[in-house]
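Q: Sequence:
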Amino acid sequence: MRKVLAIVALVAGSLWVGAAPAYAVDVVLFEWIFNIDGTISDSLLGDPVPPGVSDAGFNYSTGLGTLTVSVSGAGSHVVGLFLDHEIDETDPGGFTNEYGEAVNVGSKPAGLSWEIDEPEYVFGDIYTNFTAGTLDDSNGVPSSSPDDVSMALLWNFLLAAGETATLTFTVTDVAPLSGFYLSQTDPDSPYAIYMTGGLGITGGPVGVPEPTSLIILAAGLAGLAAASLRSRSSRRR
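In numbering that gives the first Met the number 0, the protein residues as written are 0 to 236.
Where hints are given, some of them may not hold.
[Said to hold, decoys possible] Estimated spans, in silico, between C-beta atoms of each pair:
no., residue 1, residue 2, range
1, G93, G51, 27 to 37 Å
2, P186, F122, 31 to 41 Å
3, A174, P204, 21 to 31 Å
4, I200, G45, 26 to 36 Å
5, P175, P204, 15 to 25 Å
6, A159, Y190, 37 to 47 Å
7, A159, L43, 21 to 31 Å
8, P204, F122, 12 to 22 Å
9, P189, G110, 17 to 27 Å
10, T163, A109, 11 to 21 Å
No lab work stands behind these hints: they were computed from the structure.
A quick note: this is a predicted structure, and the numbers were derived from the prediction, not measured.
Beta carbons are placed, not taken as given, at the ideal position from N, Cα and C, and that holds for glycine.
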């Protein structure tokens, strides 16, 4: 079904391009998919952006910008984003001459997995892995074997009672200066894109003092009360 949908979409896109005025589109977003705790939202299937996603800073036409996802509830969670961009489709190589790269893998945060692959229209397995919540930390489309490229990031993490996770997924046409990121490049174009992810956890239960701390606090309060009584008594004399 996925391959059939892709072929229909590509044919429709080709007809639209043929009927439209000629102009260059440098970067376009063909498909996005969210995986939020096993619930899959796929743009090619007509799914809406899921609850908990803030997209005010994201352009769905170019696929550039930042998406923010908020998740709460004690226990384990899985949150990820899959993106299928096309760079300079009007160049001689179309969208099958691109390649990906994972940069600074040694600085990848704990709990973050990734994958770069052909988007499972022909030979890739990134769609199956992503929807199952198990990216394989591999690049199936290196510079030596260019093809259609898609990228995905997936976070696995735990929340305690009262905690909230805020996850950010950013795609830009400017390479990050440091840290782990994924890149997608079209060698026949001056354009490339870069994908990064972040996770922050806030909140949590208010700490309960240990019994020893309570005893010390009670003794201190009792001492203050006794001192106050002595002070009042001395003033009356």
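Q: Kindly indicate which numbered hints from before are broken by the structure, ordering the numbers from low to high.
A: 2, 3, 5, 7, 8, 9
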